[in-house]
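Engineer: Read top to bottom, the protein sequences are chains A and B.
Note that our numbering has the first sequence beginning at 1, numbered continuously upward.
Note that our numbering has the second sequence beginning at 238, numbered continuously upward.
Just so you know, these hints were derived from the structure itself, not from any lab.
Straight line, CA to CA, 25 Å or less: simulated DSS-like cross-link-like pairs of lysine-lysine:
(1) Lys108(A) with Lys75(A)
(2) Lys108(A) with Lys128(A)
(3) Lys157(A) with Lys55(A)
(4) Lys402(B) with Lys155(A)
(5) Lys400(B) with Lys128(A)
(6) Lys55(A) with Lys322(B)
(7) Lys55(A) with Lys8(A)
(8) Lys270(B) with Lys55(A)
(9) Lys55(A) with Lys21(A)
(10) Lys400(B) with Lys119(A)
(11) Lys75(A) with Lys400(B)
(12) Lys402(B) with Lys75(A)
(13) Lys229(A) with Lys199(A)
(14) Lys75(A) with Lys322(B)
(15) Lys400(B) with Lys155(A)
(16) Lys402(B) with Lys128(A)
(17) Lys119(A) with Lys402(B)
(18) Lys119(A) with Lys155(A)
(19) Lys75(A) with Lys155(A)
(20) Lys157(A) with Lys402(B)
(21) Lys157(A) with Lys199(A)
(22) Lys231(A) with Lys199(A)
(23) Lys400(B) with Lys108(A)
(24) Lys108(A) with Lys402(B)
(25) Lys128(A) with Lys155(A)
(26) Lys119(A) with Lys157(A)
(27) Lys270(B) with Lys75(A)
Partial chain B-side listing against chain A, Cβ under 8 Å, derived:
(28) Ala406
(29) Leu408
(30) Ala416
Note that CB positions come from ideal geometry on N, CA and C, so glycine has one too.
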Amino acid sequence: MANLLEVKNLNVFYGVIHAVKDVSFTVGEGEIVTLIGANGAGKTTTLQTITGLIKARSGEIVYNGENIISTPGYKLVGRGLAHVPEGRRVFADLSVYQNLMLGAYTRKDRSGMDEDLEKIYKRFPRLKERVNQPAGTLSGGEQQMLAMGRALMSKPKMLLMDEPSMGLSPIYVNEIFDIIRSINEDGVTVLLVEQNANKALNIAHRAYVLETGSIVLEGSAEQLMNDPKVKAAYLSE
Amino acid sequence: MSSFLSYLISGISLGSVYAIIALGYTMVYGIAKMLNFAHGDVIMVGGYIAFICFTELGVPPVICILAAMIGCLVLGVVIERIAYKPLRGASSLSVLITAIGVSYFLQNSALIIFGADSKTFTSLISIPSISLMGGDVIISGVTIASIIACIVIVAALMAFINKTKAGQAMLAVSEDTGAATLMGIDVNRTIALTFAIGSALAGIAGVLLCSAYPTLSSQTGAMPGIKAFTAAVFGGIGSIPGAMIGGMVMGIVENLSKAYISSQLSDAIVFALLIVILLVRPTGLMGKNIQEKV
Numbered sequence: 001m002a003n004l005l006e007v008k009n010l011n012v013f014y015g016v017i018h019a020v021k022d023v024s025f026t027v028g029e030g031e032i033v034t035l036i037g038a039n040g041a042g043k044t045t046t047l048q049t050i051t052g053l054i055k056a057r058s059g060e061i062v063y064n065g066e067n068i069i070s071t072p073g074y075k076l077v078g079r080g081l082a083h084v085p086e087g088r089r090v091f092a093d094l095s096v097y098q099n100l101m102l103g104a105y106t107r108k109d110r111s112g113m114d115e116d117l118e119k120i121y122k123r124f125p126r127l128k129e130r131v132n133q134p135a136g137t138l139s140g141g142e143q144q145m146l147a148m149g150r151a152l153m154s155k156p157k158m159l160l161m162d163e164p165s166m167g168l169s170p171i172y173v174n175e176i177f178d179i180i181r182s183i184n185e186d187g188v189t190v191l192l193v194e195q196n197a198n199k200a201l202n203i204a205h206r207a208y209v210l211e212t213g214s215i216v217l218e219g220s221a222e223q224l225m226n227d228p229k230v231k232a233a234y235l236s237e
Numbered sequence: 238m239s240s241f242l243s244y245l246i247s248g249i250s251l252g253s254v255y256a257i258i259a260l261g262y263t264m265v266y267g268i269a270k271m272l273n274f275a276h277g278d279v280i281m282v283g284g285y286i287a288f289i290c291f292t293e294l295g296v297p298p299v300i301c302i303l304a305a306m307i308g309c310l311v312l313g314v315v316i317e318r319i320a321y322k323p324l325r326g327a328s329s330l331s332v333l334i335t336a337i338g339v340s341y342f343l344q345n346s347a348l349i350i351f352g353a354d355s356k357t358f359t360s361l362i363s364i365p366s367i368s369l370m371g372g373d374v375i376i377s378g379v380t381i382a383s384i385i386a387c388i389v390i391v392a393a394l395m396a397f398i399n400k401t402k403a404g405q406a407m408l409a410v411s412e413d414t415g416a417a418t419l420m421g422i423d424v425n426r427t428i429a430l431t432f433a434i435g436s437a438l439a440g441i442a443g444v445l446l447c448s449a450y451p452t453l454s455s456q457t458g459a460m461p462g463i464k465a466f467t468a469a470v471f472g473g474i475g476s477i478p479g480a481m482i483g484g485m486v487m488g489i490v491e492n493l494s495k496a497y498i499s500s501q502l503s504d505a506i507v508f509a510l511l512i513v514i515l516l517v518r519p520t521g522l523m524g525k526n527i528q529e530k531v
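Assemble the whole structure, with the sequences as input and the hints as a guide.
Structural biologist: What follows is the structure in structure tokens.
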């Protein structure tokens, strides 16, 4: 399987704090790969560095055969790399429809956009019911769906998802993970960052464990699920 | 009654000019989250460009207005590129001090280039005045032009923001620059576009202001700039309808207090009103309540 994303020896600093230490991992085309780890392990920082929101100190990020480490963040969506950020960050004052159309900001194929909009409404019927409502009035779960729909409107090859289950009720959590799996089945490669390691390992093909900025374990999702250290630290439910 | 009407109409006219200036403050604040204190001085530059084109070069008025708009647009974009862009991410205090520095730079450059004595600006507006109520109330051409310009500009801006992709990108950047970047929006370009629009509006405001109050000096933009800034805060900074309403209220209150209370106290009354409004509604008339998001 060809690697769609390859992160090599990535180092990121916040001032003097070394937040991501020599991190290397790969995501193959069509895979769901998850980065699990505790709060402050560097998961979000890693994702934000990939999409150019944070500048790396050193390392390489090869996406689709091209080193994107110094590419400005806004140029990546057009190349098929979409990011559903932590905390959803929908545009609260804008309507659901406006949010979705901003997701398609880099696209020009009007008919393809209309088609994708219909697909998104089919996947998230609740968004269709609320098209003209300001995004800020949606519930947390609905906002998560909107953030995912907005990212899908860019017609991504690869989706980065940061804590999609954070702050959601258990019903929504299950629904969100089902949707991630079905998005992946439609051919979108997924890099998933989660604190809910149980759920993440359930849908992922492979996983990496981050601890204080470094990768300490890696393997297939199944291997990690049965790893005694992972069980003790992350699956203690 | 007829004199009240005259004062009211000239207040609306002055308010229209404040509103056009306030739009520049409010858009830049909404999108770049900075107070561009040099905005008032861009108006002054617009006034000088129009003055040179019309009085010294004898260019037709419409071309003079276009020249003022384009000159200010270029100036605004250059100021943003040179002075503000390098400070993206810096503390807001540094940006504010830089803006004040740019303001003094523009004023003193004008002083060197055009001299300390003020110029007499010949009105560019040749619309005939209208007399109402048997000649008791006369509405001047500049007044008509200012009011129409303000309405057209606000309507056009609202349409631009709500109907175009670039306008939607502005709204996205004003809410969350990081999320806007993730949508593929070039935040720097969006901010530059905002400065371009705001500064072109300052060019129009310069022409209208100097046509109504025909003395032009390096200080011309300073006081209207502060008042328009006040109008923007008053209406709720970041809000376009707020800037329009704030500008109108400022102009009307200023003119009526000049007429009926005291011309010396009118500025004090206007600023006192601002303080009262901010005590009652800290976000201004149309301002949004800032909500904590979890």
